[in-house]
Every structure is written in structure tokens, then in C-alpha cells.
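J.: Following the hints, put chain B in place on chain A, whose structure we already have.
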Amino acid sequence: MSVVNLSQEHGLILSQVEIRHAARRLLGPVSLEVPPGEVVTVMGPSGCGKSSLLALICGTLAPALSGSGRVLLHGEDISARPPETRRVGILFQDDLLFPHLSVAGNLAFGLPPAVHGRQERRERIEAALAEADMLSFYDRDPATLSGGQRARVALLRTLLSEPRALLLDEPFAKLDVALRARFRAFVFDHARAQGLPTLLVTHDPQDAADAGGPRLQIDAEGHIPGGRPAGRGHRPA
Amino acid sequence: MPRRGLLAYLPALTLALFLAPVATGLVGTWLPAFGYFPTLGGDSLTLKSWFVLFAQPGLGESLRLTILSGFLATLIAFLLTILLLAACHGGRLILVLRGLMAPLIAVPHAAVALGLAFLIAPSGWLVRLVSPWATGWQLPPDVATVQDPNALALTFGLVVKELPFLLLMTLAALEHVRAEERLAVARSLGYGPVTAWLKAVLPAVYRQIRLPLYAVLAYALSVVDMALILAPLTPPPLAVQVLRWFNDPDLSMRFVAAAGASLQLLIVAGSIALWRLGEIVVERLGRAWIAGGRRGGNGRITRLLTICLVQGIVALAAAGLLGLALWSVTRRWRYPDVLPSAFSLETWARQAPEVAAIAGTTLATGLAAAAIALVLVLGCLENEQRRGLSLTNRALWLLYTPLLVPQVAFLFGTQVLAIQVGIDATWLALVWSHLLFVLPYVFLTLGDSYRALDERYARTALCLGARPNRVFWQVKLPMLLRPVLFALAVGFAVSVTQYLPTLFAGGGRFVTLTTEAVGLAAGGDRRVIGVYAFLQALLPLLGFAGALALPQLLLGPRAQRRNLQAAA
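Taken in order, these protein sequences are the chains called A and B. Position 60, counted from 1, in the first sequence is what the numbering used here calls 60; the numbers after and before it change by one each time, with no gaps. Start counting at 1 in the second sequence, then tack on 237, and there's your number in the numbering used here.
None of these hints come from the bench; they were simulated from the model. No false leads were slipped in.
If you want the ones that stay clear, here's a sample from chain B, every Cβ over 10 Å from chain A, calculated:
id, residue
1, Gly-272
2, Leu-277
3, Asp-280
4, Pro-294
5, Arg-532
6, Asp-762
Computed, partial: chain A to chain B, Cβ under 8 Å:
id, residue
7, Cys-58
8, Ile-90
9, His-100
10, Phe-109
11, Gly-110
Beta carbons: idealized from backbone N, C-alpha and C, even for Gly.
So here's chain A without its partners, still in its complex pose (with noise of 0.2 Å):
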């Protein structure tokens, strides 16, 4: 991974994260690294506080929830920033697609207002389409859609929105096994096509080999025995 991780300022940096639920900490300190191109999983028992750990980093925190230290993406410290100017993409376990809106409708949701003119947006959405194997779903309506084609369409629309990170909250617990393979494959080879900094938090171990990055293993006291703090010469190995 030091190949892709050229210069310390790139990729995803949690620096002594902490989350608390008034005076207790469920959380933290958490201190790591995401390059470019990687995956890191963090794992750990359900309650745990792994999704809010996600929230924080894309800024939707539950406001009774407190979350301290630094999160720092492409060298920029983003965490006072509010979520939708921080481009960090995240996938939940529940596709989510707008039920209100037909599959290109989805899609258009997703991408940046910057590309112009319906005929441009219209190309971007049939190439992302085409590209999941998926243009003739163009018009549908996406509960007419199957679990996996709607999971994929669920990840196009965030690569859409050209996030500089991606966070996967479990979005392979629902998947039956032989699909889950699958997804889980589209969805890393397309973060790492991408470069994208990637923080997958789950609990099934299959997930985690499959990621292939580092793995780190939080407790149900919220702790992090291996998490390495991030700085000049600390580097998830």
C-alpha cells in the first residue's frame, strides 16, 4: 500500500477521534489512516459505536452525540465543516434509493449541479449506468429493481456525487452470500479505480479478507488496542 501512499496530506486521516454521549465516551481515541486506493475495515460488536464513528467523519453526528479531534481528508481538516460541502460518500446497509424518483432520477441526485446541460448529465448517467451493466434501467422505478441491482445502483449514485472518500456502513449485510461477493468485488474495484480513501466498518470477517487492507478491531468498550496514531512515520502497515 506505501505505493499508492505517496505523500502523508492524501487520503483519509482520523487524528484522535473521540465520541461522546454526554460525560461518557463511547468511542475512541481513535487515530488512523486511509490512503488512496485502500480499504481499511474497522470491526468490532454491534453498539460498539462503528456507525457513529462514519456519521462523524460525513458529519451527521446525532446531536446528542459529541465527537472530538481532527478528520483530515486530502490534507484539509474537514470536521467544522457541514456534511454536504465535505464530498465524503457513504453506503448503508439499506440501499436507499429516493423511492420518490426513477433509477436516472437517483442518479441526476447525485451529481454534481457543476455538470451542465441535460444532454451532459444524461451521458454521465447512461455511462455510469452502462458501465454496472444496468442502461436499460434508465426509467425504472427502483423498487421494481432486485436487492443487488439496487445496491449497485445505490453505490453509482455516490461515485456520482465524485466523493473524495468513501464510507461503507455494513452495506453487504443484507446481500444474500453469492450476491454479496459480487457487490463487495464492484464496490472495491471501483474505490480503488477511483483512488478513493475507503473506511468499510462491519462485522463479518469475510468482508474484511476480501477488503484486503489493514484491519482494526474496536472493543465493546469503544477501545482500539492496535489503532496506530496517524502522523509522519506512522503508517498502517
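T.: Chain B only, in chain A's frame:
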């Protein structure tokens, strides 16, 4: 972000909009009750009006009627609600009733009362059905079945109208207490269905429906429009009597009226306290009953009984409304004919110009009040979500304030305030007065659905780069289209129902279908009453029909096309 700033002030603004008139109205009623009302020369605090009030002939009887009908109606409606749900949990009847609930709640109180009056009057439909062949009555029997001396007709009318509301609130509460699991556990421990529900579900549900129940009690104790139609009038229940005093040509009676209005508030407050006391006693007894471990029978008799009662009530309400419609197109309907002998649209034609104007006022006021309420409520809910707040119990009480404080106890004071601000008898005042009662219902209707929307949709949209306002307009609002339109229809129906606020805030310049129908009830032609009451019931129903049909129209073709493509 300026819009977020505005949004943050919305809850405060909303509270002020509907609590300030109530608060100032109460002050503006209590001060005259103690003699302070400079406009009429009262500038010192005295107890004189209270002495006059208690010396009024018939006050005792008024109080008896008020308390009897209030408690009896609330108790019956409550018992029917829980017994029905206990006996038929998860059954088909509940599903059917759930579908019927909206129209039942939508029909204004006055229309229900008028329909029932047509039905149960000595010359009403029920007597006609069995006369003279079974009863031998060639003439309507000389018994007071409407406006009876014990206000039983009023009690019955209140039960008919409050049962759907309580059922709906309880059904909503059931979803919060994981009733299925509780029932499954109790049933597996050998409890009969009804007993299992009463012992394992009711204690949790009751906490959730306490406030709605208090609102029903407060309403039943202080209802005016239904009482004018169904209750005895010499003397009438207290709230009606207070209204009469307010309208007395002798202006000094305003002081007595204010004292009476304040007494009305005390009665409601005392009754709620008494009910609370009853809750504590029943809870004690209930604990012992639960601890006793009796499993209860199969509940078949309870089931049969409640089903019959509830179906009977729904049938009567529907028959009453049908009667109204029938009367409006009747030319001749002599006693004891079961059906009119001659029909005509003459009444409609004759009333058309006036009806159109009055229906127009009703429609405009209702739509305005409902739309304003919807905007405020959506703003409050969105603010709540963006800032991660949740509605506290205390805030819920505030929300219920206009439903717990009797209308007659503060509307006079609010009117005085409106005169001072210079908006008395304007359309603005009318809409605002309706808003007081529309807002809580819209909030209660929409709140649950709004909070139930998976918040990850909004999070996903934000992470895709959409600003919060775009998330609101393009994700939340379209996904919540159905509940939003439904809340709008509820708000509209609540506005159409308002009687006292229209009288007070409208200052006689604004007439709605409700005030007209109730006004005609006293001595009017049944055909004309039929026209107004039928329309009064029809408007809210159309509102609900629209709320159900609009999403189909908006989304239907697209969804259908997509489904076709999917099938191909």
C-alpha cells in the same frame, strides 16, 4: 445561512401564535369575571359577578347536565375504544375501521349531531321505520328523545364523535409500545386475548393516550354546537348558558358571562384532576388484578358485544348523514312515511346563492388555516430534526393547551384583545382563531410520520452534496407527500368544524356552514338544515378524498409506466 436562522425561530413563533391568544384570552376573561372591564365601567376588582352567577336560576341544573354528559361520554367512548381494541386486536374489523376513521373524524360535530337528531327525534327515521305497523303511533310519540332532560342524546352524540378520535389515537399509540410482542408473550403464558391485551398492553398504551383522553373530557364538558342541537335548552349545559350570557343585550351580563366562563375552566380543570385521581385508583386495583394471574376466557362475548356496539354506532352516524342528504332533496316527507313521497332539488336551487357564498367562506378559511398550520408545523419538525431536538412531554402539554382549555373560557378575552389590536371581525382574526385549533391537530397528525422517515435518507442526500434545504424539498417532502396532504385535510376538517371561534372572531360578519347549520337547527326547515349540514359534512370528506387521490394523480402515471417497463 439566513434560512436556517429563520427556521430556528419558527417553534417560538408557532407557540406564540397559538398560545398567546389563549393566555391573553384567559386573562381577558378572568379580569371581567372579577369586575375589571373598563370599557363597561368596571374598574375595580369585586366578587359581585360571582355572586350573581351563583344566584342564577338553573345554574345547578346546568352544571349537572355538563358534568353528567361530559364524564359519561368520555367514559363510554374510552371503554368502547379499549374493549374493541382488546377484543379485536389485529382483526379485520380494526383494518376496516382504520379506513373509516378519517371520514368519521372528518365529519363535523354539528353535522353528526344534526344527523342523529333527525334519526332519533320522536318524528325521526328510527320511529318511522317501526311506525305505525309495530308501535301503533299514528302521530310522533310525545317523548323527548332529543334534548332529553338528562342530556343522554348529547352524551350519545359525543360518544359517536369522540370514539373515532380515541380509536385513532390509541391505534397510533399501539405502534409505539410493541403491542404484538407484549400480546404474544401474554398469550403464550396462557392469557385469553382480551385479558392479555388489558393486562399487558393497556398499561403501556394508557400513558400514551392520556392527553388525548383529557382533551376528549375537556371537549365533552364544554361543547357548545352539539349541545345546542342535542341537549336540553332550559336550562342548557353550562357552556351554552355562558354563550347566552355573552350575547345578552344587557351588557352588564358580560361580567356574569365572564365569571361563568371562568367557572367552566375550573370545572374542566377539576374534572381532569378527578379523572387523574380515578386513574390512580384504577391503577392500584389493576395491579392487584394483574398480580392475581387470572388468565381470562376466550373473550368471545366481549368481542361480540363491542363489535355490535361499535358497528351500531358507525351505522347510526352514517344513517344520520344519509338522512341529512335525503332531507335536502325532499319535497314532501310526511310522518310516518319511511321515505319521502316527493323529491325535488328546489331547496338546493333556492339556497344556492347563499350556500355558495357561505361555502366559499368556509373553504377559504379552512384552506388558509390548514396551509398556514402546515407550513408552521413542517418548519418546526424540520428544525427539530436539523437540531436534533425531540418533543418533550412538557412541549406536548403546550401543544394540547388549546384542546384542554375550554373554548368558551378564553374566546371572549381573545375577542377583546382582537378589538384592541383592531383586527376584530376581520378575516385575519377568523383564520387566526381557527389556527389555534388546527395547529395542534396538524402537528399531531404529521409529527409521527415525519419522525418515522428513516433519517439515513437525509444523511445520504447530504453526503451526496445536497444542502439541507434541497434535502427538505426534494427528498423529505416528496417522500412524505401522503402524510403531508393527509395532515392538510385534517387541518381543513378541524377548521370547518369550528363553531365558537367563528362566532367570536367572526364578529357576526363571517358565516360558515357550521355556524349556519347550527343556527338553523333551532327552528329551521329540515330541508334547509339538510342542505347546510350535508355540505358541512361533504367539504371535509372531499378534503380527505383529495388527500388520498392527489398522490395517485401526481405519481400514478409515472409509477404505472415504470411498472409496465419492469414487467416487460
